[in-house]
Amino acid sequence: MSQLKRRDFLKAAGLLGASAALPVNLLRAAGGGDLTVGFLYVGARDDFGYNQSHAEAAAVIKQMPGIKVVEQENVPETVAVQRAMEAMIRQDGASLIFPTSFGYFDPHVLKVARRFSDVRFAHCGGLWEEGKHPMNVGSFFGYIDEAQYLNGVVAGHMSKSAKLGFIAAKPIPQVLRNLNAFTLGARSVNPDITTSVIFTGDWSLPVKEAEAANSLIDSGCDVLTCHVDGPKVLVETAEKRGVMTCGYHASQAALAPEGYLTGAEWNWVTPYKKHVQAAQAGEPMINFLRGGLKEGFVKTSPYGPKVSAEAKKNADAVKAEMMSGDFVIFGGPLKNNGGEIVIPDGTDYKQTAVELERMDYLVEGVRGQI
Amino acid sequence: MVESDLSIFLLALLAGAIRVGTPFLFVSLGECLTEKGGRINLGLEGILVTGAMTGYAVSYLSGSPWLGVLAAGGAGLCLGLVHGVICSLPRVNDIAFGIALILFGTGLAFFLGKDFIQPSAPMLPSIPLGGWSDDTRVRSALNVNVLFFIGVALAFVLHWGLRGTRWGLVLRLVGDHEDSAQALGYRAAGVRIVATGVGGFLAGVGGAYLSLYYPGSWNEGLSSGQGLMAVALVIFARWQPINCLWAALLFGAAGAVGPALQAIGIGWGYYLFNAIPYVLTLAVMVITCRPDRTLSGAPGELSLNR
Chain A
1 MSQLKRRDFL KAAGLLGASA ALPVNLLRAA GGGDLTVGFL YVGARDDFGY NQSHAEAAAV
61 IKQMPGIKVV EQENVPETVA VQRAMEAMIR QDGASLIFPT SFGYFDPHVL KVARRFSDVR
121 FAHCGGLWEE GKHPMNVGSF FGYIDEAQYL NGVVAGHMSK SAKLGFIAAK PIPQVLRNLN
181 AFTLGARSVN PDITTSVIFT GDWSLPVKEA EAANSLIDSG CDVLTCHVDG PKVLVETAEK
241 RGVMTCGYHA SQAALAPEGY LTGAEWNWVT PYKKHVQAAQ AGEPMINFLR GGLKEGFVKT
301 SPYGPKVSAE AKKNADAVKA EMMSGDFVIF GGPLKNNGGE IVIPDGTDYK QTAVELERMD
361 YLVEGVRGQI
Chain B
1 MVESDLSIFL LALLAGAIRV GTPFLFVSLG ECLTEKGGRI NLGLEGILVT GAMTGYAVSY
61 LSGSPWLGVL AAGGAGLCLG LVHGVICSLP RVNDIAFGIA LILFGTGLAF FLGKDFIQPS
121 APMLPSIPLG GWSDDTRVRS ALNVNVLFFI GVALAFVLHW GLRGTRWGLV LRLVGDHEDS
181 AQALGYRAAG VRIVATGVGG FLAGVGGAYL SLYYPGSWNE GLSSGQGLMA VALVIFARWQ
241 PINCLWAALL FGAAGAVGPA LQAIGIGWGY YLFNAIPYVL TLAVMVITCR PDRTLSGAPG
301 ELSLNR
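Here the protein sequences come in this chain order: A and B. Heads up: the first sequence at position 230 corresponds to 230 in my numbering, and the numbers run straight through without jumps. Heads up: the second sequence at position 205 corresponds to 205 in my numbering, and the numbers run straight through without jumps.
Bound-form chain A, shown alone (with noise of 0.2 Å):
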């Protein structure tokens, strides 16, 4: 008696955390159309980052014509991630689905492609090889190091103390590029300064965000930007303790009105289009996308109310040779911060190199290591 009880009662509760959870997964988006669009976000879709700046481009897409679109948040880098798409394909008849996060891709991604070969992958952030992955996954990124490195110059001719602070996620090419693109920029300005970075270790851990930002601000960091998926904290932090700040993912500039320099920002519209026009036309799938400032893939958030007109000359002197494409960040020769050589003198890299997506480590002048 009491056995069956407790298996009674086991259930129950079982069925209430799972009727808590439902409606906070599962966000429909109606409308009538041909093509069904996925889109799965790894956490919330207002964040004032990384999941919000997708977000606001699938807003975009949902008013275009002969479109629906469905979108799951909050979807861990797990095996949850291939049950969504599951779902999306077999319930929804999802056709085109956008994984938006970095850790979806493998195995996840690969893995549920090759089980719907009819479905097109449009992953965000990975690195799609030919021969290894298949034909109906692609991966689109943007070059936001090329924002960020704008970041860099702003942040060095704003800079006090010559040291900055950069909070990151996980050690992984993207973020190391960021990071990297950020300390070059600024030491073009400066060849003295430093940037001291930390690994919080995941995407939104609020409370270790703040803890990091008052750790870089008590050694003497006097601006500071992030690669997390929510520069909330960081930004609101930093402008309680009167420190400058440079955004990422989306504008910040809101919640630091004092303090904020410029950001570097998404518009995935762009790719996202690209994507949902080509499946429309029944063309083959966009295997390799990429793009920067110049096509739109990226963009700077206006300069804050700090900023000098000798910052402002400068970066935008360097975001028209950006524009015009002919600007390198990662040339040789470059050194990391063990001071060997990591692209030899007399190599460029262009945005489009391949190596940089494989970048694993950290330029001179960071204070850190992976």
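Bear in mind the hints are in silico, worked out from the structure with no lab data behind them. Since the structure is predicted, the reported quantities are computational estimates derived from the model, not experimental observations. Honestly, I wouldn't trust all of these hints.
[Said to hold, decoys possible] Beyond 12 Å from chain B on every Cβ pair, some chain A residues (computed):
(1) N267
(2) A353
(3) D360
[Unchecked claim] Mimicking EDC-like on lysine to aspartate or glutamate, the simulated pairs with C-alpha atoms at most 16 Å apart in a straight line are:
(4) B/K114 - A/D46
(5) A/K160 - A/E310
(6) A/K163 - B/D5
(7) A/K306 - A/E239
(8) A/K273 - A/E283
(9) A/K62 - A/D34
From the three backbone atoms N, C-alpha and C, an ideal C-beta is built for every residue, glycine too.
Here the structure of chain A is known, so what remains is to put chain B in place on it, guided by the hints.
Here is chain B on its own, set in the frame of chain A:
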């Protein structure tokens, strides 16, 4: 250079102990009270998250962070009472219901909190104790939130209350030996419901500290298991409110080690350092929870011990 690095590191630990430790303090005091009555409420994690969301939402809507703190406590009280009442039904397992409450509390908070992720709510004020110092770092480290002092005072009040008041004695009696309490004419269920409710109130206030002061924003990733760690912390503190204070400070400092080390340029092994609070929790559990003996100081009616 090395000396200044060391002072930065120690300062970060001190500041971190207070900043990161305050929610631990509230949740562990709440859990301590609940467990003194002979029940375990694992659901404090869910209550913490609900409290964080409620506090942020009410502060944003009303413009008063203190109203937010009260509302967070109120939400915690309600969930605590639910736990207390349901676990008073015959043959309900408090641990199983606690787990259900974690899921329910976080799910509810995520669902209702959707609209409050973006707006900025007014924050709780802090008391600047570092005015004597010219160093901005010291001044910032000594900007201590009022809730911390309330928590410290509460630890001492509870310490005294559990020993020196009739109410405290009844609670301990119910927690230690239900039959004796019954023989003396006290209704165990009622006492426990009250204790769990008050425990929930404190956990809710702990949540409000997270969303309204540090880190000071509402987000679904806000809690990284503080509510669950507080349960281990209470065992570590041997069910003594004042020990809860020291344990909370220790866990707070442990959470600050990872970022602080990297800020002074020690970059290796940060995954390891970031895991320190969790390793500490595990170590406490391994050392203190052995099946062959009862812990000293553990309330006799706890389902862990029966």
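Hints, verified against the model:
no., hint, verdict
1, N267, "20 Å, holds"
2, A353, "27 Å, holds"
3, D360, "14 Å, holds"
4, B/K114 - A/D46, "8 Å, holds"
5, A/K160 - A/E310, "15 Å, holds"
6, A/K163 - B/D5, "14 Å, holds"
7, A/K306 - A/E239, "13 Å, holds"
8, A/K273 - A/E283, "13 Å, holds"
9, A/K62 - A/D34, "12 Å, holds"
Of the numbered hints given earlier, the model fails none.
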